[in-house]
Structure formats: C-alpha cells, structure tokens
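*Asks:* Given the coordinates of chain R, work out where chains Z, D, U and Y with the ligands should sit on it, guided by the hints.
Protein chains in written order, with the numbering used here: chain R, 0 to 458; chain Z, 16 to 314; chain D, 16 to 314; chain U, 14 to 441; chain Y, 5 to 331.
Please note: incorrect hints may appear among the correct ones.
Here are the simulated DSS-like cross-link-like pairs (lysine-lysine), alpha carbons at most 27 Å apart as the crow flies [stated by the list, open to error]:
1. Y:Lys302 / U:Lys65
2. U:Lys122 / Y:Lys302
3. Z:Lys139 / R:Lys451
No lab work stands behind these hints: they were computed from the structure.
Note that this is a predicted model, so its numbers are computed, not measured.
Each chain, written out:
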Amino acid sequence: MQTPTLFALLLLMILVAYGTGFSRAIAAARSSGGVRSLASLPSYYGVHTALWCGLPALIILGFWLAFDDAIIRAMVMGAIADKPESISGQNLLYAQIQNLAAGNLVGEMTPQLQAAAERLTSLRESGRWMQTAIILILAVGLGAFAMLRISPEMRARERVEKVLRAILLICACAAIFTTVGILLSVLFESLRFFQSVPVTEFLFGLQWSPQMALRADQVGSSGAFGAVPLFTGTLMVSAIAMFVAVPVGLMSAIYLAEYASKRVRSVAKPLLEILAGVPTVVYGFFAALTVAPFIRDLAQSVGLEASSESALAAGLVMGVMIIPFVSSLSDDVINAVPQSLRDGALGLGSTRSETVRKVVIPAALPGIVGGVLLAVSRAIGETMIVVMAAGLAANLTANPLESVTTVTVQIVTLLVGDQEFDSPKTLAAFALGLMLFISTLILNFIALHVVKKYREQYD
Amino acid sequence: MTTMTLNAGGTAPAQDQADQAAESKTVKNREANPSAEVNETVGSPFCDDAKLRMRNVNVFYGEAQAIHDVSLDIGRNQVVAMIGPSGCGKSTFLRCLNRMNDTIEGCRVEGDLTLDGDPIYGPKVDVVPLRARVGMVFQKPNPFPKSIYENVAYGPKIHGIASRRAELDEIVENSLRRAGLWNEVKDRLDKPGTGLSGGQQQRLCIARAIAVSPEVILMDEPCSALDPIATARIEELIDELRENYTIAIVTHSMQQAARVSQRTAYFHLGKLVEVNDTETVFTNPEHALTEAYITGRFG
Amino acid sequence: MTTMTLNAGGTAPAQDQADQAAESKTVKNREANPSAEVNETVGSPFCDDAKLRMRNVNVFYGEAQAIHDVSLDIGRNQVVAMIGPSGCGKSTFLRCLNRMNDTIEGCRVEGDLTLDGDPIYGPKVDVVPLRARVGMVFQKPNPFPKSIYENVAYGPKIHGIASRRAELDEIVENSLRRAGLWNEVKDRLDKPGTGLSGGQQQRLCIARAIAVSPEVILMDEPCSALDPIATARIEELIDELRENYTIAIVTHSMQQAARVSQRTAYFHLGKLVEVNDTETVFTNPEHALTEAYITGRFG
Amino acid sequence: MTDLTQTQVRERIEARLANRHRKEKIFRGFGIASIAFGVLAVLVLFTDIISKGSSAFVQTDIQLQVTYDPATLGIETVDEESLAWANFDGVIRNALRERFPDVSGRRDKRELYSLVSSGAVFELRERLEANPELLGKTETLWFNADDDVDTYVKSLSDSEEGFLGRTSEQKAEWIRTLYASGELEKRFNTTFFTNGDSREPEQAGIRAALMGSLFTLLVTLILSFPIGVAAAIYLEEFAPKNRWTDLIEVNINNLAAVPSIVFGLLGLAIFINFFELPRSAPLVGGLVLTLMTLPTIIISSRASLKSVPPSIREAAMGMGASRMQVVLHHVLPLAMPGMLTGAIIGMAQALGETAPLLMIGMVAFIVDVPSGITDPSTVLPVQIFLWADSPERAFVERTSAAIMVLLAVLITMNTCAVWLRKKLERRW
Amino acid sequence: ARDHISIVGSSTVYPFTTVVAERFSRSTQFKTPVVESTGTGGGMKLFCQGVGESTADLTGASRRIKQSELEMCNDNGVDVVEVQIGYDGIVLANAKTAKPFALTRKDIFLALAKDVPNPDGSESLVANPYKTWKDVNPTLPAHKIEVLGPPPTSGTRDAFVELAMEGGCKKYDWIAAKKSSDKNAYKSICHNIREDGAYVEAGENDNLIVNKLAANPNALGIFGFSFLDQNADKVQGSLIEGQEPTFESIADNSYPVSRPLFVYLKKAHVDVVPGIKQFMAEFTSERAWGEEGYLADKGMIPLPTPQRQQVATNVRKLNALTNLAAK
Ligand SMILES: Nc1ncnc2c1ncn2[C@@H]1O[C@H](COP(=O)(O)OP(=O)(O)OP(=O)(O)O)[C@@H](O)[C@H]1O
Ligand SMILES: Nc1ncnc2c1ncn2[C@@H]1O[C@H](COP(=O)(O)OP(=O)(O)OP(=O)(O)O)[C@@H](O)[C@H]1O
Ligand SMILES: [Mg+2]
Ligand SMILES: [Mg+2]
Ligand SMILES: O=P([O-])([O-])[O-]
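Chain R on its own, in the form it takes in the complex (with noise of 0.2 Å):
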C-alpha cells in the first residue's frame, strides 16, 4: 500500500478506535451504573484507545520512513559482488540502480546492474508489503488492547492528559533543539575563524573589511574583521527602525483597542499587518529608490553631507514593515486586559489616555515587551532592505545619514557570495552569527528582567 494510503486507512483506524473505546466505556459504565462510576469522562476513553491505536503505529510508521531506504540500500548494495571500493562510487552506482529500477534508462546496462536493479524493485515491493503488515498489525493489536483493558476504574483522563503533555513537552522542546542546532551549526566554524583571527581583534576592531584572498594565487589583500562597525551599524539601523515602529505601533495598537469603533479596528487591523507579509525586496526598492535619495536631498538641501544610502533610509522603511509586531501584538493583549481595571480608572475621572497610559499599559506591558522584541528581532534579522538602502560598507559612523552595514547583511552577503569554505572570511559568517546570538541573548535576559520588574498582574 502506498504511504498516503497507509495513512489515511491509520487515520481511519483512529476514529473507529476512538468510537469503540467511547461506546466501550458506556457500555461498562452500564453495568456499573451509570456514568459517573467511570474513572473518567467516556470520551476519554475514546481518545485513549485512539491514542494506543494510533500513536505506536504512527511513529513506527515515521522510523520506517526514515529508515527504510538505507536498509533496502545496505541489501541491494550487499548483493553485488565488485562493488566500488569509495562510498562515492557506491553512490553512484546505487544511483545508477535507482534509475534503472525507475525505468530511466542512463549509461551502459550490465546483466549485474539489471539484477540489482529488479532486487531493488521487489525489495521495496516487499518492504511496502511489511510495511502496510506492520503497521496495521500494530494499530489493531493495541487498539484492541487498550479496548479490552478498558474498566470503570482505569483513570483514562490522566493517562490521556500525560500523553497530551508529554506531546506539549516535546513541542516545547522543539525550540530547545533549534537553539543547540543553531549553535552546534556555528560554534566549529566560529572556533575555526578564531584560530586565524584573534577574538579580541573581532571583539574590538574598528575596522571591517572581509577581501581576504581568494585564490591561492591572489595575495592581496588581507581583510579587517573588526565586528565593532557592523554592531554598531546594527544598533544604529535597529534603533531607527524601532523609533518608527514603536511609537507607531504601539499608538495604533491603542487607539485601535481603546478608541476605534469596531469597523475601523475590523478594517485597520488586517491592513496593518499586511505591512508584516510584503515581501522585503518591495520595501528594498522603495528604500533605496524613493526613500534614500529623498533623504539625501532633503539632508543637502539643508547642507548637510548626506550619501545616496544612509541608516535612515532603511531604518525608516524597516521601521514600516515592522509595525504590525507591535501593533497586533499589543492590540490583542491591550484588548485582554479586563474592562473592570478600565472602569476603575475611568470612574476616578481619568480621561482615556491617562487610563491608558496608567493603568491599562502596564497591565498589558508582558505582551507589549513581547511584541517589541519580535520586532526588535525582526529589525536585527533584515537583509534585504539594508543592503539595498543602506549599502554594504562597514563604516563605523554616529551619523545616520551614512551609509552603514549590519551583522546579519554581512552574515549573508559571506555565506552566498563567493566563499572559500576554508578562508576566514566565509568562517566570518559564523563567528559572527554567534557574537549575534550571544549578544541578543544577554539583552533578551535584560529584557525579561525588566519584564518581571514591571510586570503588574490584574486580577
């Protein structure tokens, strides 16, 4: 049976098993008297069954899926006698056998080849056979098993519910995983470029400029990694960014929450947030094409020296995208403090804005913090818009009518350019995804303390 079929018969499987261990569960309240006498609700037990049926089944399912093609691998492979001695070689030979066996008829066909090819294609014949064996074996075996087990005294509630955690625990997990994968992918790279370039010398340096020699035979130039610009170029980009968005959003958010009849919020809401989904190349054109020279017009004609890309220009249009993090975000959690704080205030003679300001912000501030730091988040993770409107240069600058660059640019702009995976400066990209990690670590634990300091829990 094909894997999709496999699966919705499992499905299938799921819902009768959740069915029979509900009926199953009255039926036994029945004898015992009624319902009540169940440990727990009949549904239940419903979920319970489902869940034996159901689970084992599906993560069997998933190892086999994931295992399945290197073990009838490890077979075909096996079978042939002159095998190349170089894993590369039996790639390609394995390669050559999965196309054989697809009917893709490429290269000279030999009797051994034909061989292997035909034992690959009933050995995935077979493995299909078991598979669909197995795994429906194993739903209907534990379905049954749990069914039977069944009784009025078996707390199926909890055991329901420590699955479901168990689930919850995982999910939350997940994060973890990322963040250990995050740093495992850039820690050996990072050790590596600290072997070439002292970390101190990245730490403080003044002075970036990554034209390491690219070929053997092109000494050149030797390349500056001094990391203090593009965090200077960071902050500085960041920082406009957040003193558009902040402000804007957070003064939407409130007037959308507070002050908006309900067709308004209905409307400027979700329009708002389409400023999150437009793609970032839009807002790079629009920074660099009509905002950055705006800028630099508007800066000369007041005589100040201004550069054709500047921090501002894209400060100001990240700035933009990133409203609706702030705005819907503080919206919901604005709208989810009770109306009694409000009639609290508002009954004292606050106007609005004071009850707002005093006694609904901060009562909503966790979530508000929350929103501003995706933001915050999403400004230090932006690309495409600093390098078109803000340039590539790492010029270590106060002044935001220059042209500045920033980690994540850099971080990019190393990894798809033209690399050499050994030169420090590929190795670059790591070292400084890493100084990136680590330093928006510390300010998010800054941030959650200040969070806790503040926080004012209603109710």
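*Replies:* Leaving out everything else, chains Z, D, U and Y with the ligands in the frame of chain R:
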C-alpha cells in the same frame, strides 16, 4: 423579563408560579404578591435642593431594558440608599450618574440627568471633571495591579490634587485611615493591591474613591465583604462625609440603609417603586411591593 | 504584622493606638482589647466523625504568614461557619481545603490536611478529583466568559455527570432553581454569564458549584451581594444541602452564621481563636477576643 | 483632605483640566496619525506595486498564418520520434516571411524572426501532436509575441515614441504595421497564471512558484501553529516557574533574533545532510520556515496566554477541571485571538522569506509545476527575487505582478485568520 | 532517484544555464533541470561535496575553479570537466541623462584604489586623495567620485578589480615592477578598493544599481553587460580605453573588461543522471552558444569559433580537468 408588568399575584403566569414555588420553600407567601402595578413612583422622588436630578431615565442593554422611566432627585449633603432585589437595576442606575455605563458596549441611556443643574449626558459634557466630581465605588472591588500606595495616589496624581510628594503621602494615609485600612496595610504600601483580602480590596477601593474628594460618591454595596466592625467604620465614614458630600449607596442590608441614609429608594424589576424618607420607608411603606420587600416577603 | 502577638490592650505600641483612634470615632472601646493571647484554640476544634481534618496548618504568602498553626475538624453533614475580621485569613484557610492556594504564586501551605482520611496535600494527590469532591464558591464572583448555560453545565460535562443533553438541561435548570436564579435567567441562558448583575453572578457561581454535587462545599461569603430574599434562598439551600453534604461557609453576618451553621470558628489575625457550637459561640463565647468580636467591640 | 477643602480640590482639578484634555487630544491624534501612517504606507506600497505590475496581466499576441508543410517540417508522419526533430522553427519563419515578403538579408530576417516568442515553436509542436490531421494544412494562430515586442507595444500607449530598447527602428515599423492591422493584439495574459518560470518573459508564469509557496506554507502552518501553541501552553501553563523556564523563555525570544539565513544553515545540516531529504523541496522549505516562525508564534501565544485573567483559571480549577481541561476549555479559547495574530504575522513572514531557502536549494529556476511536497519547487518571494535580478526589461512588470500575486495570497490567508480571530475575540 | 539534472553556481551564469535548461527540456523528453543560483563559491562547495544523487551535476562559475576547490573536488572523488561557455562584459555606466564618460583603466585605478601613487610623481603611495573625477583626470567632469559596485564577496568585483584596476595599476612601471619582486605588495596596491565612501558597495542586484544610477546622474555603476543591453534607455556604458562596451567590442576583445564564464560538469554523473550528455550537447550547440544563438540574445558574449569547437569536443570526450595550468 424587563418589559413584564407586575400583576396581582393571582394572574402571574402559571409557569412562573410553579418556578417560584420550587425555588422557595421556607420563605412563604412570596407569591402572595401585593396587588400593585408599578406605574409611577410613589413617595417623594423630588426634592428642592437637588444635587442630582434624574428625569425619566431609561436604560437599555442592547434590546433589553434594565431601567424603566425612573425619576429621582438626590439632595445636597444627603445620603440616599437604594435597595431592591438582586438584578433589579440598582447598579445600572448608579452607573448612569457618572456615566460609567458609557463603557459598556450596547448600553444606552435615555432621559434627563443633571448634576447641580448641568446636564450629565449630552454631546458637550466633559466626563472627566464629571467623574472627578461624582466618584464611584464598584460592586466588585477592582484594585489596579499596582502597589497599594499607587492605587490610592492614582486619583490625586492624575487630577493634580497634590502638588508635592508629602501632600500625596498625606492624602494616601488619610484616605486609607478613613477607610479603616491603614493599620492593616501601612507596612506593605508598596505591595500590590491585588494581593489583599476581599474586604481589604473593598476598603482600598473606597479609599481610592475618597482620595479625590468628589462631591458625590456612588457606592455600590461598599460593605458587602466587610465584617461588622469594618462596616461600622465605613458607615461612620459615610456619616462623616455627608457633611460635605452627597452620597448614593446601594445596599442589601436594610439595617445599613436605615442607619446611614436619609432617604431610601426601592427598585423593583427596573422600576423605581418608592422613594421616601428612610424612616417612612422602613416604618410605613406606601407601596405594597416595598412593604413586601422590607418585611421579607418578596425577592 | 502577621508575626505580632496580641498583647493586652495597654501594651500595644503607641503609634498603633493613635492610628486606631484616628480611624475610629464611633466604635468606642476598640482598644479596650480583651486581655488575651491566642496561643491555642479554645473550644472544641475536633470532632469524631470528621469529613475534613486539619492539623497545624500554616500558610505563607512569600515571607508573610497568613495562617498560624490552625487545627480544625469539619464534621460530616455539618455546616461550619468561619467568621472574623476582614483580612484575618478566612479565605486563605478555606482555599487550603481544596488546594486552590496552589494557584497563587508564592503561597505555601504546611500541615496535615485530610479529607475522609486521605491526605489533601502530598505529592501523589490528584487535585482534580479532590476539587470535584470539594467544590468552591469564590469570594469574588468569577463566571466564565461563556453563556449562562455553559457556566452551569461545565462541571457536569467534565465530570460526566450527565450523559444526555436532556439530563444536562435538567441539571442546569435544577441548579439554577436551587440558587434562586432560574426565573431571572431562564430566557437568556445563552447570554454571557458576565453580563449579569453582581448578585446574579454570585448566584450563578453557587449554581455552578452545586451542579456537580460535591461532597464538601466551600462558600466564601456566598451572600455578600444578595438581597435578603435571595440570601434566604441560599440559606435554605445550605440547610437543604446539609443533609448530604459538608459545608464550610465564610460570612460576615453573625446572624447568618447563627442561622445556618452548627459550629462556628472565629479567626483572628491568622489564628483560629475559638471553635464551638454555634450556640455556644454566640451566646457564651469562651475567648475574650471572640466575645469582643461578636459584641462588636473589636475589628 | 484635612487641609484641602473641596473647593480647593475642585480648583486644582479645573486648573489642570484644559491641559489634560489637550493631552488627551494629542494622544488621540497620535493614535489616528499612527494608523493613518500605517495605512498610508500600505496604500503607497500597493499603488506602487499595482501601477508597475498591472500591465503584466496583458500580453501582446501575434497572429500568424502557419502551414504545417511536411517539407518544411521534414517529416512524413506525426509520431513522437519525428516530432522531436521536426523543424517547427521553419514553419514560423515561413509564416513571418510570407507576411513580410520583401525582407531580405540575414540580419533583417533575424530581426523579423524575433517578433515571435521562442515558445511559439513548442506550442506549434504540441498542437500538431494533439491534432495529427493538421499535417499539410494551413491555419491562423495567435502566438505570444517576443518580450521586446510586448514592451514596445505597451510603451506605445504611454507615449507617442514608445520605448524601443533593443528593438530596431525597422522592427518597430513592422510592429506598428501589425498593430494597426490587428494582427498584433494585447490580450489577457493567461500564460502568467498557467506556466512555471521561464527565461523568456513572455513565457514566464507564476504557477510553479505559487504552488511551491502553497505547499511550503501548508507544511509550515501544519507544523508551526500546533507546535508553537503547544510549546507556549507548556511553558506558560505547565512548566514549573523557575530559572529553567526563564532560560527557555529567553532562549525562545532569542531565536526570534537569529538571522533567517542561519535557519537555512541549520536546515541544510539537519534535514538535507542528516535526514537526506531532497533539496529544493517544499517539505524542507516548510520545515525550515517552521523553525523560523516558531519563536514568533510561541512569543505571541505566550503573551496572550499571560493576558488571560487568573480568576478564570481559578474558577475552572475550583470546578474540578484538570489543568489540561482548564487550558483547553477556558484559557485557550480566550487566548486564541492573540495566537492567531502570531500565526498571521509568522506566516506572513514565512510567506515573504527568501534567505533561508537559498541554503536548501529553493532559490532555483524551476519550470515544472510541483505536484507534491517533495517535488523541486521554488516559492513566490524567491521568484520575485530572481525576476527582480533578471536583466530582461519585461521582467520588471512581471516582478510587480508576482508581488501582487503574493500579496493576494497573503490577503487571502490573513482574511481567513482575521475572520476566525474576530469570531473568537471578546472582552470581559 | 533523482531524474532531473541539478545545476548550482554563479548568479552570473544562472541566466544562461537556465535558458539552455528550458530549451533543453522543451525539446526533449527529459525533465527540466533545476538551476539554483548560489554564487560561484557556494556552488563549488555543493558541487565538490562528492558524487551521488544528492549532489549537483553541474555548477556555473563566473571565474575559473580555484586550485583549492579542484583539490577538494578530487579529494571527494569528483572528476571535473571544465566548459568555458563564453564571456561576460563588465561595464561602468552612468545615467543617460548625464554625459557619457570616457575613461582609461588608469583613471579607474586612480579613482577607486585605496592607495594611489603620490600625485607629485614620486614613487610612493598616498591614501587616495581624489575627490572628483576632475582631480583624477582634468578631461573628466568635476563630479564627486561615486561608484556603485558589488561587494568584496562578489565574483563580479573580483573580475573588475583584476581587469580594470590592475590594468590601470600596471601602467605605473614601478608598480608593475613589483609584480616580480614583491607580488604581495603589488596585489595589495592594485586590488584594494578605497573604503572612504567613494566606492559604494551596493549589493548584487544589478537592476537596483541601474535604477539608482537613473536617479543619481552623478554616479557610475559597475555591472554586467546584459543589464546595459536591456536598459539602454536609462544608462549608457562608459568608454574604456576609447572602446564602447558593445556586443562586438567585447566579443573581439577590444573592450578590455570582460571575464570568462564556465560551467563545470561532474563526469561521474554522466551515466547516472538522465540527460546530462544531451544537456551539454544542447549547451554547446551552435544554436545556443553560437554567435547568433539564443545565449547571445540573452547577453552572453560567445567564444571565438575555434575555441568553441575545441571546447565542444572536449565536452564530448569528457576530458577531466586535472590541473589548472593547462588552460
Ligand atoms: N495573594 C496574596 N498575596 C499576599 N498576601 C495576601 C494574598 N491574599 C491574601 N493576603 C493577605 O493574607 C491575609 C489573609 O487574607 P484573606 O484573604 O485570607 O482574608 P479574609 O479573612 O478572607 O478577609 P476578607 O474577609 O476581607 O475576605 C490578609 O492580610 C491579606 O492581605
Ligand atoms: N452588561 C450587561 N449586559 C446585559 N445585561 C446586563 C448587563 N449588566 C446588567 N444586566 C442586566 O440588567 C439588570 C440589572 O442589572 P444590575 O446590575 O443593575 O442589577 P443590580 O440591581 O445591581 O443587582 P445586584 O444587586 O445583583 O448587583 C439585570 O437583569 C442584569 O442581568
Ligand atoms: Mg449590582
Ligand atoms: Mg476573603
Ligand atoms: O554569483 P557570482 O559568483 O557570479 O557573483
């Protein structure tokens, strides 16, 4: 329900009768409903030196009408008690007086209401000074999720009543003392007001309301969570306040109404049945419904 | 404050005295504090056929101790009233009995508590059936933001009490009737429970609690927002329930305590001062503090 | 109060009133201005995109009288093998030469042939393959014109001159002739919606990228929303509150700040190199985007879980509901609007992301429309990115048109979520 | 098993491989190759990872493979067949609204190098003092020097540096002399681009540069010839050494700044992935890469005819590249 007129006991729909019979076993005679239709308020709803003047007030929650054509005056430096069975519209009526009903979606208020002759409702009315003049203690205590100090200092701060910190401290202490809470919280002024016990929260809300010295204070069951002594403290406070302030108080305790108020208004199913001197109401009620209520025959 | 032991009136710190003097003008003699130290509960805290058994209970909110070494039994099919000044720890104590204190951050409970001999606290105790057995009506009415029907039906649904819709309808109607709310809400069962008046919400919460027929019902001032008739309805309900259930009720109304309870416990500043037959407590209190409280001399 | 009389208080309140009202007005004004600013930004972006992209929805077609001449084609019968090397180019060329008989010279002929899209040949082949009886017959057909022709024709309506670009004056003359005689016509550009990518602008379509985006988003949505909500619930409702939970919280917030390309690196390492999933597949793209959007969803879900008042949890717990029931029955419904907001924003981000996809091979030229989550495919933003980087002038309008398609997807997606959110929202 | 060809590599070669891929798939029964644009280096990394269906079959490069990359390939068992497919011209252009520039490579060097020979004529270096083009060469306009170009991570920039800058740099005999004596110094003089704002690193989106130029008549931009070809209404190419960048001048090598483009083929895959041979045959057919082929239409400058023939034979024979010197 709100549109139903009260009939003489015998004509109430049979179903209702059955219901109420089921609900009540010990309270006998509740269906021996005094034969009375509430068409007009009996007693003396009006007075000469009225601080608050309400005429033909109707309040609707969406479709449902919660207050039916109520007219009432509240005199200067008077304490008016509002009594009536649960759900009869006391809170709703009270909330009209400082326009707190504005915050409830779908709530609509009709009628003429004036404070010192100035209209309360109206496009040009500024609710901010109105609410500063007409303070309110809500039925459910709703302290801000701030420190106890901040809770009380909130009003004076936003209105700029205290110019210096010391003044503010004084107001806070004074208000808490008058609400009979100072001793219990003086060591934990910086702790959240939400961490107080139910009765403490209620007194905190009273302290918060009097901290801005409003001219009129609306109290919605201010002593419901208080022990007798604390209740006495609040009643004493009300007495004290009456010298300068006008007070409307909702209470379920007839005794309390009798103790603190000069006039008593009896509400029933959204209608103002009777208003009279407290004395009169409790000793010699004019309306049969009032009598039934105060003698405990009708809920 | 919580660690302070009560001294004879004269030795109270001067500042306190001054404060209280300021707070109280009418309630005289409040500082004529009965000379008594609360070291041990007087009266008869224990009983033979105890449904709930509490021994040496201490409760802390963070650093502050709210309950000091309280031991008490609540007998089967008994109504125990808990009285005491606001903030003395009644709610806190009540919430220990079905572990609702678990939900408060920083709240720590010590001591032995058992229900029918089974421990209430303990690593292996499942709070879910515990709370199904020990129902609670909170001090502040907290209906779910769902329809009135859903509010009452929720408990029976999750406990599988009703298997069919008709059964559920019946339970809902019955509970609402018993709480004296049916007539007022029968036409709006699908409207949100949060749109009810204060007293209606309170009755809704009572109806919600009795809908699951718990063995023990903890009621924290269940009648605080109710008019006398509704109160009578609830008291009647309590009487009715007592036949099968065990009830602990917190109240500020001495009269109510006297009316509904068999035993009365008097709390003071986190300590259980006296427990006795209700009769005895109100006619012949053993402890000076109790006497002072019920005669209205001490808050 | 002892020393402040009521009148004094009244005076002080009055004194500040005007000021406070001014502040209130200003505050409100800021609110309106903020919203206006945001909405204006949306409108500006929209008008900009629409004004640039709407012209891509029409396409210049050219009418030719083609003869399926076996001699020109070099085939006798219509079968797969002969079609493979049949000279359809010749057929088109003949048709053009017949239309303009006096064109001679290599260069001019080349110019002439370039009037028709190079895709015409394949259309012709498909047509003959489907109708073998046409062999030897003549018929009049419409073909896509070349992109240069298209650009020129479209620019004619803007100005007298028109934008010649690479078009020679002579070719422009032919185009004008054909246009005047109705043999050149602007028609609705169906190609754009039915084709995959192509290097010939007139043949390029959005279908493959659109399907790719839908598959990718499907994977992302199916994984990230439940996982994100589940993680948030665990952390907010079940996890013990201690330093570890703090660490996890910080850690999740931090993940939101990880540059998206790093997620690409991670995806490459885990899904492609370790699990050996195929490159360029929506499955892997969806997984990577899931990792990327998870923090957004978790953070917003936690924020909205936090904002559910504790009294509701208490009430349910007091009824004997288990923690899980409290969450599922009471907390989750109340927190759902906020969670949906997180999903809206997270998915919007996922829909517009390119950088991480580069690492897993989705920044690619893909012609065939994917039919499943393991087929090679690209996504809308990548298509936009690639077209924006193409030299051909005609891709400029297609870039904007693709952006319009992306926005349409975004708006459709949001509308569903917003509708749901509105249904679930309530204030208590 | 993978049944489509997988191509990675340079974004510069991408437009050309994709056309071929498309034509190839439409005229044969094979599936359309999947062409990723990963940059030359990134492509090399993927390409040289090893053999097997999870690795790429071909990679495009806008420069020749490096020795180190070739070694990596060989270490992983990858035999590489080199296919030079044509040239790409790199142009310096400005807005059509401004006057065209006529530059020499020396001007370019002086305007853009980090350190330049001392203007007083002594054989020493000074930090680039030139602010306007007029400072560099009195015949040029007095505009501020502002050149938008690719970042150091780009292959285009490398080529530009090597061909234009170094070309100008070599004009100074004393610097040229260093090439044999002190190669490092020579390279660092000739290859380092100034970082004081005159050279603006503008990313790799050439369309953006074109548009920025149109908005800023004083600026010059560096990008590939095909973009000039397509945007003739907006920008014009500067003359370098008197040569206008046109198809013909680049093809006959009279325009000095052009670089070779390559495709590298994984020999071992030829018999494994269907269609590779046919694809390469299409690529090296006259209708594709010939002088009038469709690649030329797309802006690729074809190789001279003899070289084309040679490369085509090489491809057919699948001669693996073993060492780079043999060019
Ligand atoms: N969440 C909390 N955090 C800190 N302290 C608390 C908290 N809840 C109650 N307290 C304190 O514990 C003491 C006992 O409170 P409790 O609520 O038990 O009083 P109570 O007897 O119910 O009073 P009332 O009659 O006013 O409801 C009070 O001093 C109160 O301020
Ligand atoms: N927000 C609301 N939406 C709809 N109906 C409401 C709302 N608030 C109150 N009501 C209804 O209006 C009527 C009057 O309510 P109100 O709160 O004024 O009663 P009350 O007299 O204060 O009662 P209680 O003594 O119980 O507080 C009741 O029937 C109540 O159910
Ligand atoms: Mg009320
Ligand atoms: Mg309490
Ligand atoms: O993508 P490139 O390597 O050609 O710059």
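*Asks:* Now tell me if each hint is right for this structure.
*Replies:* Okay, the hints, checked on the actual structure:
1. Y:Lys302 / U:Lys65: 23 Å, holds
2. U:Lys122 / Y:Lys302: The hint holds at about 18 Å.
3. Z:Lys139 / R:Lys451: 42 Å, violated
Checked against the numbered hints above, the structure breaks only hint 3 and satisfies the rest.
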